[in-house]
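A.B. asks: Heads up: the protein sequence lines correspond to chains A and B, in order. The first sequence begins at 702 in the numbering used here and counts up one residue at a time. The second sequence begins at 1097 in the numbering used here and counts up one residue at a time.
What the hints contain is simulated information worked out from the structure, not anything from laboratory work. These figures come from a predicted structure and were not determined experimentally. Every residue, glycine too, gets a C-beta built ideally from N, C-alpha and C. A few of these clues could be false.
Unchecked claim - Sample of chain A residues at the chain B side, in silico, Cβ under 7 Å:
| no. | residue |
| --- | --- |
| 1 | Lys715 |
| 2 | Thr783 |
| 3 | Leu788 |
| 4 | Ala789 |
| 5 | Arg873 |
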Amino acid sequence: MNRILKVSRLHLNKYDNVVFTPLGIIATVMVVSIIIQLAIQRGTGADVTSAEYIDGARWNQGIIWSLPGFLVYYGVQAVATTYPFALALGTTRRNFILGTMLAYIVQAAYIAVLLVVLLGLELVTNHWFMGVYVLDVHLLGAGNAWMLLASAFLGVLFCLSIGGLFAAVWVRFGNKGPAILGLALGLAVALTLLVVAPELGEIFAGLTRGAVALAALVAILVALVGTWFAMRRASVR
Amino acid sequence: MTAAIKARGLTRRYRGAPALDDVTLDIQDGIITGLLGRNGAGKTTFMSLATAQDRPSSGTISVHGHDPFERAATLEQLCFVRDNQRYPDDYKLKHAIRAASFSYPHWSQDTADRLIEQFRIPAKPVVKKFSRGQLSALGIVLGLASRSPITFFDEPYLGLDATARHIFYDELLRDYAEHPRTIILSTHLIDEMDRLLERVVILDRGRVVRHADVEELRGGSFQVAGRSSAVDEFVRDRPTLSRRIVGGLGTAVVDSTLGDEDRAAAASLSLDISPVSLQDLVAAYGLGDTADADPAQHAQHERSAA
Chain A
702 MNRILKVSRL HLNKYDNVVF TPLGIIATVM VVSIIIQLAI QRGTGADVTS AEYIDGARWN
762 QGIIWSLPGF LVYYGVQAVA TTYPFALALG TTRRNFILGT MLAYIVQAAY IAVLLVVLLG
822 LELVTNHWFM GVYVLDVHLL GAGNAWMLLA SAFLGVLFCL SIGGLFAAVW VRFGNKGPAI
882 LGLALGLAVA LTLLVVAPEL GEIFAGLTRG AVALAALVAI LVALVGTWFA MRRASVR
Chain B
1097 MTAAIKARGL TRRYRGAPAL DDVTLDIQDG IITGLLGRNG AGKTTFMSLA TAQDRPSSGT
1157 ISVHGHDPFE RAATLEQLCF VRDNQRYPDD YKLKHAIRAA SFSYPHWSQD TADRLIEQFR
1217 IPAKPVVKKF SRGQLSALGI VLGLASRSPI TFFDEPYLGL DATARHIFYD ELLRDYAEHP
1277 RTIILSTHLI DEMDRLLERV VILDRGRVVR HADVEELRGG SFQVAGRSSA VDEFVRDRPT
1337 LSRRIVGGLG TAVVDSTLGD EDRAAAASLS LDISPVSLQD LVAAYGLGDT ADADPAQHAQ
1397 HERSAA
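Take these sequences, add in the hints, and give me the full structure.
C.D. replies: Below, the structure written as structure tokens:
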């Protein structure tokens, strides 16, 4: 087997974590969304076919905020705890990094496809037979499968890459590494906000999906390059 | 005999403090070599450098003629499971074994299954919850079943009971006889393991103080015991590894082959002569810096070994 693929397989070795944990999180979000939206329907007596209700329901962001915690953790552990074991198994740092990136892509593709399939079910069942909007939401393309696929793929990859970068900095520089990186990123964001503050409203108003995707792509690339440089000479702790 | 691992001036410093200091050493191919020495002697550091899990501060190390750092063809011939090996989160026994099975090119599943049974490693708990002994047993399973041409064992007995330790010794000898390879193991339990070892490297404070065949080492020194004044007189002109005085009695480990002249001198001073076990010999090197030892001769030893 190709040496890089062996590392990817090592990351995907614990199938239940890779396959079922995201599924469990999504299922939980679905149940919570259904309960909340049914409560709203009963409480307000809203007509689920009305444009006003649909627009409001489509602002459900549960699915967007529920996955990043797990994904960032997954990205962190993929580097921090799998790296020492991978080296014990005889891999090189280069193959570990490339295999890890490939595993991130597989994980992102899996979750993106899973969400698209669930969106299909949501649309086919006319929103779960009760006017509940979980994936057919504004921030994920409002029912556009391609938009959801791209958003989910980039979003998942972003979370995994950021987690991996922080873990790589920890492996390379110890406890101070992530703290300094976090402070530096926080400072950079604060300074940027300070500079663009007068035009902030304008910027948000003009923000397009393409621009957000491009920014995510740049962040992913920066994180992956940072991971590469941090890990290239990292010792096992 | 060819060298599996060659270290030349190998040094590793951590924040300025040397963990391994100018080590020049050949580990021979196809034999079992013991890395002996006190805690902090540099045993794990040497193994980390040989497997490219760490980088030297200066000097070089090669495995079968190649720098192992980032050389996939070399690294996949090595197996080094640390005594404090970290495993991915929530890994259970089956995950570790499955990962090893597709990662080590020479993996033997039959050996792994047999050892898991013998060590009674539990399948259900996550590896993080394993006891010290169960972690060591898992490391032994991975090391032996990997059948890696160069296999490292880092204090593999930690937490194992006597029965489990003897299972390891027997299985190691059995597997090594059937599939000869280079094995390097670090240990403190020298008396228990000396039957396994063909060569030993004694490290002290990051330096090689002795590197020899076990038989050569055993025959190359002896111990005298008796009145402290008589011991002092006996060792005055002899190379001494260690000397202990308790009350009026003393013992000394002499670093030379026992000859007729030594026997006669000991007899005239009413001193008892006895062979030195490998354990005592390593302890003698460890005692080299105590007040009763002969620092000049110890230093001379270090220079000649290096």
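A.B. asks: Does each hint hold? Answer for all of them.
C.D. replies: Hint by hint, here is what the structure shows:
| no. | hint | result |
| --- | --- | --- |
| 1 | Lys715 | holds, 6 Å |
| 2 | Thr783 | holds, 5 Å |
| 3 | Leu788 | holds, 5 Å |
| 4 | Ala789 | holds, 5 Å |
| 5 | Arg873 | violated, 12 Å |
Of the numbered hints stated above, the single one contradicted by the structure is hint 5.
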